[in-house]
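A.B. asks: Letter by letter, the chains look like this.
Protein chains: 2
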Amino acid sequence: MFELHEALARDCAFVGDFPLCRLLLMNDQQYPWLILVPRRPEKREICDLSDEDQLQYLAESNLCCAILRSEFGAEKLNVAALGNMVPQLHIHHVARFSNDAAWPKPVWGQRPAQPYSPEELQALIVQFRQLIPERIDFNF
Amino acid sequence: MFELHEALARDCAFVGDFPLCRLLLMNDQQYPWLILVPRRPEKREICDLSDEDQLQYLAESNLCCAILRSEFGAEKLNVAALGNMVPQLHIHHVARFSNDAAWPKPVWGQRPAQPYSPEELQALIVQFRQLIPERIDFNF
Numbered sequence: 153m154f155e156l157h158e159a160l161a162r163d164c165a166f167v168g169d170f171p172l173c174r175l176l177l178m179n180d181q182q183y184p185w186l187i188l189v190p191r192r193p194e195k196r197e198i199c200d201l202s203d204e205d206q207l208q209y210l211a212e213s214n215l216c217c218a219i220l221r222s223e224f225g226a227e228k229l230n231v232a233a234l235g236n237m238v239p240q241l242h243i244h245h246v247a248r249f250s251n252d253a254a255w256p257k258p259v260w261g262q263r264p265a266q267p268y269s270p271e272e273l274q275a276l277i278v279q280f281r282q283l284i285p286e287r288i289d290f291n292f
Numbered sequence: 153m154f155e156l157h158e159a160l161a162r163d164c165a166f167v168g169d170f171p172l173c174r175l176l177l178m179n180d181q182q183y184p185w186l187i188l189v190p191r192r193p194e195k196r197e198i199c200d201l202s203d204e205d206q207l208q209y210l211a212e213s214n215l216c217c218a219i220l221r222s223e224f225g226a227e228k229l230n231v232a233a234l235g236n237m238v239p240q241l242h243i244h245h246v247a248r249f250s251n252d253a254a255w256p257k258p259v260w261g262q263r264p265a266q267p268y269s270p271e272e273l274q275a276l277i278v279q280f281r282q283l284i285p286e287r288i289d290f291n292f
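These protein sequences, in sequence, are chains D and X. Each number in the numbering used here comes from the position in the first sequence (counting from 1) with 152 added on. Each number in the numbering used here comes from the position in the second sequence (counting from 1) with 152 added on.
Chain D on its own, in the form it takes in the complex (with noise of 0.2 Å):
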């Protein structure tokens, strides 16, 4: 059974579930950052998920890269599996710019995060819902 991790339940936002994965928005304000945890609990790297299971997840890590850059204007994304500390399988998508707070070093254990208020989180969480088609297909 599927259960979040609670480091990942702590820290982030429940925003949606695409059909593989559960979608989180980290509660850090000083970085847009969607979190993708694929609801596969046995699986610790994309590499043991299925063909199919890939293939769902380039799908749903496509749309959210395209919603950093269209909500946010992403300058550049960061996608990265680690998984050193939390060994859930979960995919940080993160986007950045040149005069964000940890440029042009990567974010994990740089600062602390500034959570948003609880007013901002909410409108952000259902600005997510409205961008997020019921269902994603995968077209390859």
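Just so you know, the hints here were simulated from the structure itself, not pulled from any lab data. Keep in mind that this is a model prediction, so the values were computed, not measured. Any given hint might turn out to be false.
Identical chains blur together in the list; that is why a pair holds if it fits in one copy or across any two.
Unchecked claim - List time: in silico EDC-like cross-link candidates among lysine to aspartate or glutamate, alpha-carbon distance up to 16 Å:
hint: 1; residue 1: K195; residue 2: E227
hint: 2; residue 1: K195; residue 2: D205
hint: 3; residue 1: K228; residue 2: E194
hint: 4; residue 1: K228; residue 2: D200
hint: 5; residue 1: K228; residue 2: D252
hint: 6; residue 1: K228; residue 2: E197
hint: 7; residue 1: K195; residue 2: E155
hint: 8; residue 1: K257; residue 2: E227
hint: 9; residue 1: K257; residue 2: D169
hint: 10; residue 1: K195; residue 2: E271
hint: 11; residue 1: K257; residue 2: E155
With the hints as your guide, set chain X onto chain D.
C.D. replies: Using the frame of chain D, we list chain X on its own:
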């Protein structure tokens, strides 16, 4: 025309060309570290690649991950497209260990590279070349 970015050319050794990506070995003996560089000079993100190229990238990425596990016993894989400092699209594949120099932090910007000796580097390149099939067909 595809030309490798000077920073990648300086820091890495050339291993070979997959159908889509150039395969590089980071010259840093602290971590077994492969880099895939899609030979698509006009693309900056994985999501900018065509659908067909994304599938091919996945196949080549999966092979890198399999090699890092089978040959180096990777405990964890870090797979990341960052590119904040080197704009040419390139995807890191790093074998991580709970006793490595940067664990559990990401490897980027943590510690200066410790180059292999010329003999070690050459031996690794030979090892990798023997592991790479002439052509990778994606099975999706």
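A.B. asks: With identical chains treated as interchangeable, where does the CA-CA distance between K195 and E227 reach 16 Å or less: within a copy, between copies, both, or neither?
C.D. replies: between (31 Å within a copy, 14 Å between copies)
A.B. asks: Within a copy, between copies, both or neither: where do K257 and D169 come within 16 Å Cα-Cα?
C.D. replies: neither (30 Å within a copy, 29 Å between copies)
A.B. asks: Given identical chains, is K228 near D252, meaning Cα to Cα at most 16 Å, within a copy, between copies, both, or neither?
C.D. replies: within (11 Å within a copy, 29 Å between copies)
A.B. asks: If the cutoff is 16 Å on CA atoms, where do K228 and E194 land: within, between, both or neither? Let me know, please.
C.D. replies: Answer is between: at 14 Å across copies they meet the 16 Å cutoff, but 31 Å inside does not.
A.B. asks: Up to 16 Å between alpha-carbons, please classify K195 paired with D205: within, between, both or neither.
C.D. replies: Within one copy only: 11 Å inside, 25 Å across.
A.B. asks: 16 Å Cα cut-off: does K257 pair with E227 within a copy, between copies, both or neither?
C.D. replies: Answer is within; shortest intra-copy Cα gap is 14 Å, inter-copy 25 Å.
A.B. asks: Could you figure out if K195 and E271 sit no more than 16 Å apart (CA to CA) within one copy, between two copies, both or neither?
C.D. replies: So K195 and E271 fail the 16 Å test inside a copy (35 Å) and across (37 Å) alike.
A.B. asks: Are the CA atoms of K257 and E155 at most 16 Å apart within a copy, between copies, both, or neither?
C.D. replies: neither (31 Å within a copy, 25 Å between copies)
A.B. asks: From the Cα coordinates, with 16 Å as the cut-off, is the pair K228 and E197 best called within, between, both, or neither?
C.D. replies: Classified as between; 8 Å across copies, 24 Å inside a copy.
A.B. asks: At most 16 Å between alpha carbons: which applies to K195 and E155, within, between, both or neither?
C.D. replies: within (13 Å within a copy, 36 Å between copies)
A.B. asks: If the cut is 16 Å between Cα atoms, do K228 and D200 qualify within a copy, between copies, both or neither?
C.D. replies: Close across copies (12 Å), not inside one copy (27 Å); limit 16 Å.
Checked against the numbered hints listed earlier, the structure breaks hints 9, 10, 11; every other hint is satisfied.
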